[in-house]
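The chain contents come next:
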Amino acid sequence: MNFDRLKEKLEILADAAKYDVSCSSSGGTRKNKKGALGDSSPSGICHTYTEDGRCVSLLKILLTNHCIYDCAYCVSRSSNDIKRAAFTVEEVVDLTINFYRRNYIEGLFLSSGIFKNADTTMERLVRVAKKLRLEENFNGYIHLKSIPGASDDLMQEAALYADRLSVNIEIPTESGLKLLAPEKNRQDMISPMRYIQKGIIQYKDEKKILKKVPKFAPAGQSTQMIVGATNENDLQIIKVADHFYKNFNLKRVYYSGYVPVLEDQRLPSLTTEVPMLRENRLYQSDWLMRFYGFKAEEILDPNMPFLDLEVDPKLSWALRNLDQFPINLQTAEYQLILRIPGIGVKTAQKIVSARRFQILTIDHLKKLGAAVNRAKYFIDFNAGNAYLRYLTDKNFRRLLIGGSSSKFHNQFSQQLTLF
Amino acid sequence: MTTLLYDGSFDGLLTAVFEVFEYRYKDVEIASKERFHQENIFAEIHEVITQTDKSERVLNKLEQNIGKPGIYKLLKVFLSEDPDLENLTLSAVRQSVKHPEDNILENFADSDVLKISKICKSVDRERHRMTAFVRFEKMKDDVFFAKIDPDFNVLPLIRKHFKDRYQDQKWMIYDLRRNYGLFYDLDDCEFFYPDEKIDLHHYQQKFHDEEKNYQVLWQRYFTKTNIVERKNIKLHIQHVPKRYWKYLTEKW
Ligand code: SF4
Numbered sequence: 016m017n018f019d020r021l022k023e024k025l026e027i028l029a030d031a032a033k034y035d036v037s038c039s040s041s042g043g044t045r046k047n048k049k050g051a052l053g054d055s056s057p058s059g060i061c062h063t064y065t066e067d068g069r070c071v072s073l074l075k076i077l078l079t080n081h082c083i084y085d086c087a088y089c090v091s092r093s094s095n096d097i098k099r100a101a102f103t104v105e106e107v108v109d110l111t112i113n114f115y116r117r118n119y120i121e122g123l124f125l126s127s128g129i130f131k132n133a134d135t136t137m138e139r140l141v142r143v144a145k146k147l148r149l150e151e152n153f154n155g156y157i158h159l160k161s162i163p164g165a166s167d168d169l170m171q172e173a174a175l176y177a178d179r180l181s182v183n184i185e186i187p188t189e190s191g192l193k194l195l196a197p198e199k200n201r202q203d204m205i206s207p208m209r210y211i212q213k214g215i216i217q218y219k220d221e222k223k224i225l226k227k228v229p230k231f232a233p234a235g236q237s238t239q240m241i242v243g244a245t246n247e248n249d250l251q252i253i254k255v256a257d258h259f260y261k262n263f264n265l266k267r268v269y270y271s272g273y274v275p276v277l278e279d280q281r282l283p284s285l286t287t288e289v290p291m292l293r294e295n296r297l298y299q300s301d302w303l304m305r306f307y308g309f310k311a312e313e314i315l316d317p318n319m320p321f322l323d324l325e326v327d328p329k330l331s332w333a334l335r336n337l338d339q340f341p342i343n344l345q346t347a348e349y350q351l352i353l354r355i356p357g358i359g360v361k362t363a364q365k366i367v368s369a370r371r372f373q374i375l376t377i378d379h380l381k382k383l384g385a386a387v388n389r390a391k392y393f394i395d396f397n398a399g400n401a402y403l404r405y406l407t408d409k410n411f412r413r414l415l416i417g418g419s420s421s422k423f424h425n426q427f428s429q430q431l432t433l434f
Numbered sequence: 007m008t009t010l011l012y013d014g015s016f017d018g019l020l021t022a023v024f025e026v027f028e029y030r031y032k033d034v035e036i037a038s039k040e041r042f043h044q045e046n047i048f049a050e051i052h053e054v055i056t057q058t059d060k061s062e063r064v065l066n067k068l069e070q071n072i073g074k075p076g077i078y079k080l081l082k083v084f085l086s087e088d089p090d091l092e093n094l095t096l097s098a099v100r101q102s103v104k105h106p107e108d109n110i111l112e113n114f115a116d117s118d119v120l121k122i123s124k125i126c127k128s129v130d131r132e133r134h135r136m137t138a139f140v141r142f143e144k145m146k147d148d149v150f151f152a153k154i155d156p157d158f159n160v161l162p163l164i165r166k167h168f169k170d171r172y173q174d175q176k177w178m179i180y181d182l183r184r185n186y187g188l189f190y191d192l193d194d195c196e197f198f199y200p201d202e203k204i205d206l207h208h209y210q211q212k213f214h215d216e217e218k219n220y221q222v223l224w225q226r227y228f229t230k231t232n233i234v235e236r237k238n239i240k241l242h243i244q245h246v247p248k249r250y251w252k253y254l255t256e257k258w
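In order, the protein sequence lines correspond to chains A and B. Quick note on numbering: the numbering used here labels position 413 of the first sequence as 428, and the sequence is numbered without any gaps. Quick note on numbering: the numbering used here labels position 185 of the second sequence as 191, and the sequence is numbered without any gaps.
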């Protein structure tokens, strides 16, 4: 293997893949077979973090950055004058195995520009996964990016070897996609997702009858939306995400704040800030939908379709629904405890455990890990709570922001000072 | 006040706990021999001789009351090397004997239980970081070797993880601070305790020929996958505290 050439390819093809944010290795359940290499644990492991603070758990690369398409938001687009490269199947396999053996990664995330056509490209991706599984006995995590328009047969094969498959929706609205990627159409993106979804359901059915059905994309599918490249609002984005969660059983939707890298009159200018705080708020909303039992409609009001940048979406919901409070810590259902600002999933579980033993006070709450500076205004303790008088105060919102947003001020201070 | 001195092992500690009940000590503390400095000259010393039948009786009782997960928590307290670990363990066992029908480790409003839960959280986090931040280096003899220096004694807690994961390569993980390691030779995966500290001078000369290449590839990957426009060093350091950097190939 020519090391210098390999290094150069890796530099180009890692650089081109870095804007894809879906890198989690969670949800895999591949057990190591005796004497083989690797397993994937359901929780996934981040092996390091980039200087931009994102987790590195997979070797995330493109097979090639040659592409016949010209999507405006993409650095690999055909009209962009950049260095091009392509890995061989063997090279990708070798990098994956050797990085895995050194415990750098949990597995491979392989995506690709489209050379020639969808099927040729997809076939190459599948060959990598197949070789890893069958020839290298590799049980680590494999995430393949499906190529829109690839045939059902190839999707079927991909799902046999990969843990997760994804098709990026890229632009949340259809009109936005028309504008920025005129050669692509939404249907080509959605149909492989539909195919995989059907496959997963069928797998589950067959599994009930036959014990030894080959695994079919066991970690499910995910997608990614670029945020801020077109002018969609947050309500539209959340609705799209909700639609995919509900109708396609998606495991994750990723939101990627648009990084302006290309000069194009259809796109925000190169000096536009990456909308990191907005991206963060979208992830928070996503958590509310997946783990806190919130419905998409509860998170945003159609009259105010953008997420509040000043307060997180859960607090924002609480402020709009003050009549739901105070919530009694000793007697309220778990689902309601979860809705108290400043109380996360773990703390809520601890509360429900601990209250069987004694009457909880504000001191207990602090010790159990709640953000009491926020939570205290929304809770009724059995012994009463003096802070509740603020709940009806006209300036309640101001009062809360003063004491609660510090976490984000620090993390996003670069952005916030610009406003 | 009676001080029970034990040999520093988990079995020893549980034997000591057993003897607290056996001899009906009320005003008592347990201390490991290595760490014991006599402060209270009026204290009576009781030397504990580790006996597995006694420690097992404690374990069985605990398993009935707080289950295997509960015992696992107490093991983590032991591995935390916390100065208070003996007394926390004793407190947990005492409470558990008093309330056998409850899982007392869930009574987070009790200050000892809460402390146990906090210690477990810290140990878990370190354990998790060790599964993430271990970096193997391939040596001439085909053994993948890794050095660690964790804040708690978590090597026993990561044995299964690495044993499950790397079955077709020889590997070794060595705890520099505690001077012992774990070695998998394709058949068995055992702890080893060298008489002297392993000599790590010039150990790069013992690298396999291909090792440097893959290290460089990984470093280049790490640099290239970063998005400069989104740089956030504060967040980076929060995730990868500086004390780990010297063991991370990508941070050299
Ligand atoms: S098809 Fe994919 S790789 Fe090609 S330009 Fe569009 S987004 Fe980029």
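FYI, nobody ran anything at the bench for these hints, they're computed from the structure. Beta carbons are placed, not taken as given, at the ideal position from N, Cα and C, and that holds for glycine. Careful: at least some of the hints might be erroneous.
DSS-like, lysine-lysine: derived pairs with alpha carbons at most 30 Å apart [said to hold, decoys possible]:
(1) B:Lys67 <-> A:Lys226
(2) A:Lys48 <-> B:Lys176
(3) A:Lys361 <-> B:Lys248
(4) B:Lys169 <-> A:Lys222
Far from chain A by the CB rule (all over 12 Å, computed), these chain B residues [what the hints assert, rightly or not]:
(5) Arg30
(6) Phe42
(7) Ser97
(8) Asn109
(9) Leu111
(10) Phe114
(11) Ala115
(12) Val119
(13) Ser123
(14) Arg135
(15) Phe197
(16) Glu217
(17) Lys218
(18) Arg236
Coverage of chain B stretches by chain A, computed from C-beta distances (three or more under 8 Å per stretch; other residues unrestricted) [to be verified]:
(19) 10-22
(20) 82-93
(21) 172-181
(22) 239-245
Tested hints:
1. B:Lys67 <-> A:Lys226: violated, 39 Å
2. A:Lys48 <-> B:Lys176: Measuring from Cα to Cα gives roughly 16 Å; hence the hint holds.
3. A:Lys361 <-> B:Lys248: holds, 28 Å
4. B:Lys169 <-> A:Lys222: holds, 29 Å
5. Arg30: holds, 27 Å
6. Phe42: holds, 31 Å
7. Ser97: holds, 15 Å
8. Asn109: Its Cβ does come within 12 Å of chain A, the nearest being 9 Å, so this is violated.
9. Leu111: violated, 10 Å
10. Phe114: violated, 4 Å
11. Ala115: At roughly 5 Å from the nearest Cβ of chain A, Ala115 (chain B) sits no farther out than 12 Å, so the non-interface label is violated.
12. Val119: For Val119 (chain B), whose nearest Cβ neighbour in chain A is about 9 Å away, the distance does not exceed 12 Å, so it is violated.
13. Ser123: The claim is violated: Ser123 (chain B) sits with its nearest Cβ about 8 Å from chain A, within 12 Å.
14. Arg135: With a cut-off of 12 Å, Arg135 (chain B) comes too close to chain A, as the shortest Cβ separation is near 10 Å.
15. Phe197: holds, 19 Å
16. Glu217: violated, 9 Å
17. Lys218: For Lys218 (chain B), whose nearest Cβ neighbour in chain A is about 10 Å away, the distance does not exceed 12 Å, so it is violated.
18. Arg236: The claim breaks: Arg236 (chain B) does not keep its Cβ more than 12 Å from every Cβ of chain A (closest is about 4 Å).
19. 10-22: violated (count 0)
20. 82-93: That given contact is violated, which follows from only 0 residues of the stretch 82-93 of chain B lying within Cβ reach (below 8 Å) of chain A.
21. 172-181: holds (count 4)
22. 239-245: holds (count 6)
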